[in-house]
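Colleague: Residues per chain are reported as follows:
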Amino acid sequence: MQFNLGKELKKLIGARGPEIIDAMAVASHPLAWRMRVKFDTKLPPHELVTQDIRFHNPQWGDAETFKSPIESIEFFLPVKYKVVLAGMELYNFYIEVLGDISGGGKAQIESFWFCGKLPQVNTVKTWNVGKGKVIVNDVEFGKEYYGTTARGWRGGVATKHPISTVLRID
Amino acid sequence: MAKPNTYWLFNNSANDGANSGNASGGAGASSSNWVVIDRANDKLMFLDDQQTDGDSNVGTIYPVIIPAAGTQESDKTFINDDSEDVLDQVKLAGTTEGQQNGGNTRYVFAIFFDGATATVPYLEAWDDSDHDSVDDDFLGAGTAANSTLKAIATTNAVPGSGTWGGTPLAGTGSRITLDTGALAGSKNLYFNLKQAIVSTFTAQTDTAIVLALRYTYS
Chain B
100 MQFNLGKELK KLIGARGPEI IDAMAVASHP LAWRMRVKFD TKLPPHELVT QDIRFHNPQW
160 GDAETFKSPI ESIEFFLPVK YKVVLAGMEL YNFYIEVLGD ISGGGKAQIE SFWFCGKLPQ
220 VNTVKTWNVG KGKVIVNDVE FGKEYYGTTA RGWRGGVATK HPISTVLRID
Chain P
110 MAKPNTYWLF NNSANDGANS GNASGGAGAS SSNWVVIDRA NDKLMFLDDQ QTDGDSNVGT
170 IYPVIIPAAG TQESDKTFIN DDSEDVLDQV KLAGTTEGQQ NGGNTRYVFA IFFDGATATV
230 PYLEAWDDSD HDSVDDDFLG AGTAANSTLK AIATTNAVPG SGTWGGTPLA GTGSRITLDT
290 GALAGSKNLY FNLKQAIVST FTAQTDTAIV LALRYTYS
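Chains B and P are the protein sequences, given in the same order. The numbering used here runs 99 ahead of the 1-based position in the first sequence. The numbering used here runs 109 ahead of the 1-based position in the second sequence.
To be clear, the hints were calculated from the coordinates, so they are not data collected in a lab. One should not assume that every hint holds.
Okay, derived cross-link-like pairs now, SDA-like style, lysine to any residue, Cα gap no bigger than 25 Å in a straight line [said to hold, decoys possible]:
1) B/Lys205 with P/Gly224
2) P/Lys152 with P/Ser122
3) B/Lys205 with P/Asp236
4) B/Lys230 with B/Arg267
5) B/Lys242 with P/Thr276
6) B/Lys137 with P/Lys112
7) P/Lys296 with B/Glu209
8) B/Lys242 with P/Ser295
9) B/Lys242 with P/Gly290
10) B/Lys230 with P/Ser295
11) B/Lys230 with P/Asn114
12) P/Lys112 with B/Gly229
13) B/Lys230 with B/Thr264
14) P/Lys112 with B/Leu197
15) B/Lys230 with P/Leu322
Given only the sequences and the hints, what does the whole structure look like? Please build it.
Modeller: Printed below as a string of C-alpha cells:
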C-alpha cells in the first residue's frame, strides 16, 4: 500500500519517509491503543503486537519477548494516527498512572511514554500520549522522565536516519 | 514489569520502626504498628491539640486554629478510620513544632509497592481526583510555595532535623520523589507530612484536596 504524504508530514519526516511509511502503513485502526514492535531477527517472533495497553500487560518487561534488537515501534492512536520510532539505539516504554490516598478506585492511567535514544548522541526523543495530547520532546539521556532516569531500556538497530514522528493512517 | 499494586499505610504508634508487614501492615519493627489506609473511606485530617487519639469520628471535631501571627504547624495528624469510627492519630507525623511525637522521624507514612516500577514514584497533591488543578487555598491558591502541605521523603534516611522544612506539595510543579530511582522490586517507601498555616490564611469550609501517587510500569 502506497502512503501519500501531505505537506505537513513531509516536513515532519523528511524526504526519506515514503519507503519507510510504505512498510509501516495500515489500512484502518483496529489496532487503536495497541503497540507493534518489530524485531531485527531471522527467527520468530519477528514482531509483537500487544493487546489494548490500557487494559492489558504491555509485556515490555518480558525479557524473553524482547531478546532480539528492536527495528521499530509503532503506537496506534484512536484517531487514525500512529506514533513511530525507528532506527534508534535504545527504546523504552512505560505507562504513567496516578492514584489517590482517598477516592477508592484503582490508580488511573495518565499517559503512555515512548522513548527512543538517538544513535551517537546523548539525546532521547520522548513521546507522551495522554489526556488528549501528544507531546514530543528532546531530552538528555538519563533525564527522560521529568528529569529523572527510567529503567527498562531495550536495544535497537541504530541507523543513520532514525525516525521519530507521527503518521496518519488512512 | 506488570502494574504493581500499591498500599498506603500509617504508623499509629509513637515508635519509629519500619513496616515489616508490607501490604498487610500490623506489628512492625521497634514495636511500631502499621495500619492500612482504606482509600475508599478513610480520610487524612489535621486537627487542633484538643483532639485526642481514639476520639469518635462522629463526636466533636476540633479544627486547626489559624495563628494570630507567623506560621504554625497543625498540632496533630489523624486518619479518620471509617471502619472503626475513630480518629486514629499519626503520632510521628510532622516536626517538633507540632503537639505530638513528630520530629526527626522516619517511619510515619508508608506506601508499599508489590512490584517494580519504570521510574521513580512521586508524591503529589491536587485540588481533587481530576488531578488537573492546584487552585485550592490549602495548596497555595496557585502559588506552590504557599502550599500548607509539606512533605519529606524518608525512605532512605531520617529527615536530618527535628524541625525539617519539607517540600510544599502542589501538583507536578512542587512534589517529592519517594526514592532515589525506579524500584527494582517490591519495596516500602516512606514519607513524613505536616500542615503549616500562616496567619493570613483564610478559613476554609470545605476542600477535596487529595494526596496522589504517580508511578510508572511497563
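Colleague: Taking the earlier hints as the rules, which of them does this structure contradict?
Modeller: Of the numbered hints, just 10 does not hold.
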